[in-house]
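S.K.: Given chain A, work out where chains B and C should sit, using these hints.
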Amino acid sequence: MSEKKPALWLRIYTFLVYAYIYIPILILIIFSFNKQKLNIRWEGFTLQWYEKLFNDHQVLLATRNTLLIAVISTLVATVIGTMAALALQRYHFPGYAASETLMYIPIVIPEVVMGISLLAFFSLIKFKLGLATITLSHIAFNIPFVALVVRARLHGFDKSIEEASMDLGANELITFWRVTLPTIMPGVLSGAMLALTLSLDDYVITYFTAGPGSTTLPLRIFSMVRFTVTPEVNALSALWVAIVFVILFISEYAQRRRA
Amino acid sequence: MKKYRIATLFIVVALLLVACGGQKASNVLNLYAWSEYVPQALLDDFTTQTGIKVNYDTYSSNEELLAKLQAGASGYDVIIPSDYTVAIMIKQGMLEELDHSKIPHFANVDARFTNPEFDPGDKYTVPYQWGTTGLMYDKSKVPFEPSRWADLWDPAFANRLVVLDDGREIIGVVLQTLGYDKNTTDPAQLDEAKQKFLELMPNIRLFDSDSPQSALLNGEAWAGIVWNGNAALAYQEDPNIVYICPQEGCGIWFDNLAIPKNAPHMDAALAFINYVLSPEASVLITEEFPYSSPNSACLEYLKTYDAALYQSYMDFSGTNPSADFLAHATPIRDVGDATTLYDRIWTEVKGE
Amino acid sequence: MTTAQVPEKTFPWFSLTKTLRESPVAQGLFLMGPTNTYLIVFMVIPLILVTVLSFLSRGTYGEVVYKFNIENYLRLFDPLYAKILGYSLLVGFLTTVLSLLIGYPMAYYIARAPARQRSLLLFLILLPFWTNFIIRIYAWIMILRSEGFLNSFLLWIGVIHEPLNILYTPTAVLIGMVYEFLPFMVLPLYTSLEKIENAQLEAAADLGAPPWKAFLRVTLPLSVPGMIAGTILVFIPAMGMFVVPDLMGGAKTMLIGNVIRNQFLTARDWPFGAAASMLLMLLTMVFTLYYTRKAGFGEELLL
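Protein chains in written order, with our numbering: chain A, 1 to 259; chain B, 1001 to 1352; chain C, 2001 to 2303.
Source of the hints: derived by calculation from the structure; they are not laboratory data. Built from N, CA and C at the ideal position, the CB exists for glycine as well. Just so you know, not all the hints are guaranteed correct.
Quick list of simulated restraints, FRET-style, between CB atoms [unchecked claim]:
id, chain 1, residue 1, chain 2, residue 2, range
1, C, Val-2041, B, Asp-1110, 50 to 60 angstroms
2, A, Phe-54, B, Lys-1261, 33 to 43 angstroms
3, A, Asn-55, B, Asn-1262, 28 to 38 angstroms
4, A, Phe-45, B, His-1100, 50 to 60 angstroms
5, B, Ser-1140, A, Gly-44, 19 to 29 angstroms
6, B, His-1100, A, Lys-128, 23 to 33 angstroms
7, B, Ala-1308, C, Val-2041, 38 to 48 angstroms
8, C, Phe-2215, B, Asn-1159, 37 to 47 angstroms
9, B, Asp-1191, A, Phe-45, 54 to 64 angstroms
Chain A extracted, bound-state conformation (with noise of 0.2 angstroms):
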């Protein structure tokens, strides 16, 4: 793109965009310290929700199922996905574009009808509903969104590179392994990083799959607003945007000191 600066309204304008979408979030925060409970008018500074949420068992155990979930399903349908994805970009075999359709079911599909098809399918095989039905779920949806990405990171690979290493005597194995997925490892981790938020943020499918002691965050958030809304729920989300920053502030540091 060319290197002269925007023009000035466009600044103005992103600004502002960017204003509409983190104003929520700010406010969010600021509220989590407010000592009105329910939370309509600010009534002074406190801490106590913070140490509420602390003491709420059930929202500890939804974190614990939250995380559990999440990266179990983020990690199988990481490679499962990236296999896919090989497989799509760089081979021809039977039944292509029907696994290419196949795969893309679950982006189209809406998330009502997803949950739904699979609350029916594991009631009549009877497979009871828990944390192991709810992973199952999240691995469905998560395949084509890593496949997809890293089909795009795919698109550009110069195979030449591969073949140098073959042609030095490394099997494809090897090649693989050490020439491939290095190159491809940004888009497999950009996939798995998408991958790991729908299923943190994921309430429908989830809704439809969650069986006892099985409740995620989204759930449970869910219902502690229905009640009322107090400020506890807001202290949760301030401490997961913070925790969130602190990741991945760490992790643009450390890529920068490799760089």
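M.R.: Chains B and C only, in chain A's frame:
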């Protein structure tokens, strides 16, 4: 290499999470109830006394409970269904019979609430809490004080009503305005109700079953069709809140503890039910959530436990409705196949 | 050292996997295998179930009765559902158009930003998504209420004299929807805008085109794949969305997502809910197929 580190990190985290979680099944009770309905203090006390940990999963409507159980969700030990849901569940054989010999505290229940029409002989349930559905308004904001449901149709209330997002409750109110039985299955009557409901729509600012009192407290709405608990919560914050049973009649509901068929921890379930019926436990519920208690031992205990709370409990129509109030209250009953008719009206009116 | 010199003894499984190593078709199938298996089990079979379910009947107490009937589909022909579907399409359409209009300049700005800044700017768009979706909506409710921030602010600076009635109206719903879907539009747009080469724009300038013409004739057409990808990513979920309209619109509208949800959880008429789901899916499939036929389905969807 970076990718190894990250992968290892993931795996380690996953293992840690698996390790520090997962209770072994024996000392656990799986409770499935409305959210914000069972105080944490009660659950903690139960755990202290019996050593049984409680998992508290939530649903937000009876239908959701039914749907999940009918779909085969299992593993729950104690559920808290409402009156008409109990009736459906009994007919479908979804509940375990209670062994009353293990629930001696049942004697604490107020005789008015035993042997209900939806569970003759108390074979499957014990009462948990009960309440009413009525008209709530902010007397400092309303143009005039409503005394009938029909008043809510007045143009003075345009865009100032909050009502429950519950088809049976709201259509029930409309039917009562027309003088019909709120559990009617007559399609002609229902059609009339639909038309009348359509006329109310311009006055409705929002539908909200979760926290309708918020709308009154923050000034978005001036009046509403709500449950007593919502009214009581609003009243706690604002003494201008009034809760009445309109002349045409209002609603009454009973929530009950029950054990679904094939519950994995029967003994724990019975122990829990018995515990909840004790006055010490029951009073914790009344302390935290402003519904009405069917437990006479609890109310007796409350007089000395927290006299001020007892007084405000007795004073507010939401928690302690008068005999007149109750005389006009009708419960919701299951309408079988007509359920789809009600749902259709709901869809049609909202779909306008 | 060539492959042939690797001792067979050391890696005995090499001989077993000989076909795999040497046949690209086998490799392709092997790589695609897990995905296909997984999705067939957890996607196709459940969907078949739903299809079957849509031809069954509802029992008196809401249970499923194995009696074949096509009434569920006949019911969908009722103009009521056409109207509901129409509303849902409208909501999806408006959300998409607004996201496109609002998101395009932003994507353009980020694409033109120095390379170092770009990933940061993109990341900043995604970060709010790591908070919980429900809570973000509640924050908006706090802002848009009659006594909320927006009104308080506007009253304070004197622009209005009475609070604006925004919350629980369609406007509020759109604000919330666009908020939720903006990143899904910005990211694909950015991807395709970023690919546009300087050289092409310079060539246009050299040929005497003013900036706005260069934009219309070069940039815009080249960003079409991004727009299409963004449209798919926004329109489809937006059509089936019910949470935002419920929370920010006061649950006053009945959209197709609400209907489906109600059938499963309130009316407990699973067969009818299944039929409605089939209808929604059919629409989204048609929409997607039409668009992807036009422009291919791939990279622009990505980050």
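S.K.: Look at each hint and say if it fits the structure.
M.R.: Verification of the hints:
{"no.": "1", "hint": "Val-2041(C) / Asp-1110(B): 50 to 60 angstroms", "in the structure": "holds, 53 angstroms"}
{"no.": "2", "hint": "Phe-54(A) / Lys-1261(B): 33 to 43 angstroms", "in the structure": "holds, 38 angstroms"}
{"no.": "3", "hint": "Asn-55(A) / Asn-1262(B): 28 to 38 angstroms", "in the structure": "holds, 34 angstroms"}
{"no.": "4", "hint": "Phe-45(A) / His-1100(B): 50 to 60 angstroms", "in the structure": "holds, 52 angstroms"}
{"no.": "5", "hint": "Ser-1140(B) / Gly-44(A): 19 to 29 angstroms", "in the structure": "holds, 25 angstroms"}
{"no.": "6", "hint": "His-1100(B) / Lys-128(A): 23 to 33 angstroms", "in the structure": "holds, 30 angstroms"}
{"no.": "7", "hint": "Ala-1308(B) / Val-2041(C): 38 to 48 angstroms", "in the structure": "violated, 60 angstroms"}
{"no.": "8", "hint": "Phe-2215(C) / Asn-1159(B): 37 to 47 angstroms", "in the structure": "holds, 44 angstroms"}
{"no.": "9", "hint": "Asp-1191(B) / Phe-45(A): 54 to 64 angstroms", "in the structure": "holds, 56 angstroms"}
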